[in-house]
Structure formats: C-alpha cells, structure tokens
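Input sequences plus hints: build the corresponding full structure.
Number of protein chains: 2
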Amino acid sequence: MNGRSVTAFAPASVANVGLGFDFMGFALSGAGDRVTVSLNGSTGDTTIIMSGEYGSLIPVEPAKNTASVAAIAFLKAKGYEGKGLKIELEKNLPLGSGMGSSASSSAAALFALNELLGNPSTTGELIPFAMEGERIACGTAHADNVAPSLLGGFVIIRSYDPLDIVRIKCPDELYCAVIHPHIQVRTADARRILKREIPLGDVTKQCANVAVFITGILREDYDLIGRSMDDLLAEPKRIQLIPGFDNAKKAAIGTGAIGCGISGSGPSIFALCRGEALSFKVAEAMKGSLMDSGLESDIFISSLNAQGAYLI
Amino acid sequence: MNGRSVTAFAPASVANVGLGFDFMGFALSGAGDRVTVSLNGSTGDTTIIMSGEYGSLIPVEPAKNTASVAAIAFLKAKGYEGKGLKIELEKNLPLGSGMGSSASSSAAALFALNELLGNPSTTGELIPFAMEGERIACGTAHADNVAPSLLGGFVIIRSYDPLDIVRIKCPDELYCAVIHPHIQVRTADARRILKREIPLGDVTKQCANVAVFITGILREDYDLIGRSMDDLLAEPKRIQLIPGFDNAKKAAIGTGAIGCGISGSGPSIFALCRGEALSFKVAEAMKGSLMDSGLESDIFISSLNAQGAYLI
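Protein sequence lines, in the order shown, are assigned to chains W and C.
When we follow my numbering, the leftmost residue of the first sequence carries the number 1, and every step to the right adds one.
When we follow my numbering, the leftmost residue of the second sequence carries the number 1001, and every step to the right adds one.
I should point out that these hints are in silico values taken from the structure, not numbers from a laboratory.
Be aware that a few hints might be false.
Unchecked claim - For lysine-lysine, the following DSSO-like pairs were computed, each having C-alpha atoms within a straight-line distance of at most 30 Å:
hint: 1; chain 1: W; residue 1: K169; chain 2: C; residue 2: K1195
hint: 2; chain 1: W; residue 1: K250; chain 2: W; residue 2: K281
hint: 3; chain 1: C; residue 1: K1195; chain 2: W; residue 2: K205
hint: 4; chain 1: C; residue 1: K1169; chain 2: W; residue 2: K205
hint: 5; chain 1: W; residue 1: K205; chain 2: C; residue 2: K1086
See below:
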C-alpha cells in the first residue's frame, strides 16, 4: 500500500435534532470535508497538509487535528502505527458551526484509511476511532455527529457502553433546511450553560415527545413529527448564544416548516420540511430573518436519508 | 333513557411500561371491571351498588368512588347532572395492584354512560373525565391507565395541555405476562420516593432508550425492544417497595422474556414476551420466584393490542 493514496468525502451532520440532545443525528448531503490519505514508509512521522476555505484555521500538529487523531488511533489498533501517514485535508466546513465540522474531517480520514488498508473494519466499526477526534475537538467523545457522517441517514445512539447505534429510515419527502449564521459557538461553551439536573416532570415530557417524534418518523406522519418537536433540555438555554434564533424559528414555521431547532450546539439552525422545494423557501425565510438582525448566513438543503462517507 | 340500563367492561392496564414513566401504557385483555349505569329520574342522588371480589373495599360515597366521580363529571358536562344516576360496579381488580384498577372502574362507567346518552362523545373524548377518577384515587389526574383502558392497545400520552394521545400498533406476536403479588403499594407512596431532579446524562440515556424502544415496537424488532428496556427513573427507586422484584425479573429474562419491569407503580410486574405460549412460561417462572420469597401472586396474560372498553 506504500505510495498509494485514497480519497474520501464525509458529509456535515445535524446532531441533537432539537429534542434528541446527545443521542440523535443525521447526515447532510453536499457539504463536507475531503481527505486523502497515504502511508509513505515503514517508519515516519505524520504529515498534515491543509487546504479548502477553512484549512488555515485548523492545527497541523497531529495531536491536535481531529482527522489525524482519529487516523492514528485506527492505525495503532490495526498495527500500522508510525508508517509515515500523510493526510491532505480539504476543510470545507466552518468550525464551531454546529454542523459536525470536526466529525466530517475524522470520518473522511477514517473512511479513506480503512479502504487503503483493505477494509479491515466495517464502517460502523470506525465510529469509536472517529469519536477520539471529537474528544480532541470539544472535550467529549460523542458520536451523534461522527455516526451519521460515516453511516449516513438518521441515527440513534442508544448507548456508549457498549456502543449501540440504531439507524432508522426517514420519510423520503422529509428534507432539512440548515442555515449557518456567521458567528461561532464553541461546543464546550454550549455544554457549560446547560442545566445539570432536570425536573422529573420535564423529563417525562421530553421522553413522551421523543416517543411521538420517532413514531412520526417511522409512520411517515408529518403532523406527529411537528407536534413533538419541542426540546426542553438544550434549546431553552442555548438560544442565548444565537441572536435572532426565535425570529428565525418563527419565520421557518410561518413558511411551512414542520419543526425547527438548533443544529448540534449551534449556531446553525435546522428546519424539517415536507419536500425539497419548501425547504429552500424555509431556508430563505430564515436567512432573511437573520439578515434583519444584521447576521449573514449560508444555506444547506438535504434529505434526511443522505449518504454518509464515500470514496472519491 | 329513564329506566334503561347499559353495561360495559373496561380492562386492566399496564402503565409506564418500565421506561415510559407517566406517558406510556397498554391495555390487558380478560381482567377488568364491569359497570352497569342507569338514570332513574329527572332529579335524584347518585346511588352506588358494589359487587365482585374487591367490591367491599371500595367507598360507596359518590365523591370518593372513581366510577361515580368520572360519571358525574361527564353528566355535568353533558347537562344531565342530578338525574338519579345509579352505578352497579362489579369490582374484579385488586386495589393498589399497579394494574390500573381505579381506571378500569371509571372507564367502564363512562363507556356505559356515553352509550346510555346516545354517544355524545367519542371514546377518546371520555379520557379527561376518566382522569378525574384518577385524581380521586391517587391525587394525580394521569391518563396512562385510563387511556389504554378506554381505547385499548398501546398509547403514548404526548401532552396533557392540550391532551394529546397517540396510539401505536404493536407486533402481533408481542405478549405480556403480568404477575400480581399479594401485597399493596399505594400510588402516592410510589410517587413520593422518586427523585425530583434527574441528572442530565441519565435523561439522555432514558430518551435514547425510549427512541429505540419505539423503533423496536414499530419495526417489530424484538431485539431492539429488549435492548432498550432499561428504566433509570422509576424502577431503581420503586424496587424497594416490591420484595423479590430483582429475582422475578431475573427469572423472567432467564426464561426468555424480552424485557421486564414494574407495572404502573407496582407491585405488579410485567414481562414482554414473543408469543403467548412463552408468556405463560415466563409468568410461571416469575410466580415461582416470588413464591421462593414467600409471596403469593396471580397471573394475567395479554396481547399488547388488546381491546379497550366494550359494551356487554
């Protein structure tokens, strides 16, 4: 395999999905990072070459870069440590956007590296290594971005010990409009402001909404999906970090979105919509609303059944 | 309608279903209370006549009996207050059993009364009146017993304000074994011992398990149902009220049950099983285990898609 290189793409993702704090997420299509990997010797240090719109903002020290941290953990587990790993990372996703930017880099690196080594692991088995990248990026080895970024589609992280991930099929007509306001929210900050203890009554309400949300997804019942999208854990605290969130949400619902919430730890905002055409209208309405608050933003549109990582 | 009488049956139910504290429940077939109602005059007081195995344990004062409290609330709403209501309640379900005994009485009374009045309400519209019976019985107007007892099947109470109840279809092969140990647990006691605040990490785990449980139910995936049946809210506290619960649960799982938990606020214990034959074996194993602790118990077996209230 020396000298050969493999390139993979892994998409951005929406973690939490509003009411699924820390255990739900889905992949987005289109936006994502691209990584080329090669092993250039029987021994040797890791080299990282950055490119792409946000490449200059990412550390090139192997111990601080999510792609290399994940890749090195994988190489070590497979007995290929110190083989002159070279990572070329085209960083297309903005940092601190709430769109799974760090996860996209590590997922792409692992997907490419697995192929380079002759696929010793299934895609699902790459998730724990990608989680090591998340630990570097935000202090918590969470899977709600890396799992959808690798596997695609909509995932539920049922348990971390043992790791138990369930992938569910979403209605084909279900689309997501994401807007990314041009501000940055550090995941660590977004976690620190959460309440550590939740009143029992709120827990019951949250669980009941989760039960109905999943029922809506699996029965393709858009009304149930909409009625249940009410997060009592993260959104009430995190909106303070996203100026204009309330108005953007009102604009989304007013334009016909089924539901709307914070993507990951923000500042990106997602809205679920029935049909691709409506999702563009909803995204424009949210963008216009943020513009009224003086905030520029970018738009991303995707099915909820989007593909995960793939080779290029 | 004077002089005419109508009789209805409403089944017992399993509330909470382990991990669905205060928002999930399903009806049981076979066991339940039977109520005959009549209106005997243009004016007149309410009369209650009790019968059945547990009839002597129920108050006959109209303000303290769940069936009459629910019925009077309904009559008042429909403009038939003080018309000489007569309730004959055959009380077949033990009190404080965790099998929705009080709900069964009020559901049967309302179902019969609605028929007597020419069905001014849908069955779903009877739920708020049945909840008034629960308020008398245990201090909280909850719906996780009355809704399945009236509607049948498996229900999710998404919200109380507005009341929003979602009924879901369960796998046809899914059966429930319930054993009722001959001890009594007061719902008020079972509620008082719960933690009022839940750590955020536990909330995430509970929500994730709920999401996977519902996925398992709707996809008919028994493995997912089993993996997800792990309650962090009620069971860890309430097992202290049910001697022998741990061993009964081990016996159930060891005999092949998919999952096992406390029915309602206990002391009844339920186990989900694939197939009716296995559910009998599981029930016998649980009964034997409790017997080892010196505790007698009764067995109830039911599909999860059991019928709700019906006329006789």
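Hint check:
For the suggested pair K169(W) and K1195(C), the alpha carbons sit about 36 Å apart, so the restraint of at most 30 Å is broken. For the given pair, K250(W) sits about 14 Å from K281(W) by alpha-carbon distance, which is consistent with the 30 Å threshold. Of the supplied pair hints, the one linking K1195(C) and K205(W) holds, its CA atoms being roughly 16 Å apart against a limit of 30 Å. A hinted pair counts as satisfied when its Cα atoms are at most 30 Å apart, and K1169(C) with K205(W) qualifies at roughly 21 Å.
At most 30 Å may separate the alpha-carbon atoms for a hinted pair to count; K205(W) and K1086(C) exceed this at roughly 38 Å.
Against the hints set out earlier in the document, violations occur for numbers 1 and 5.
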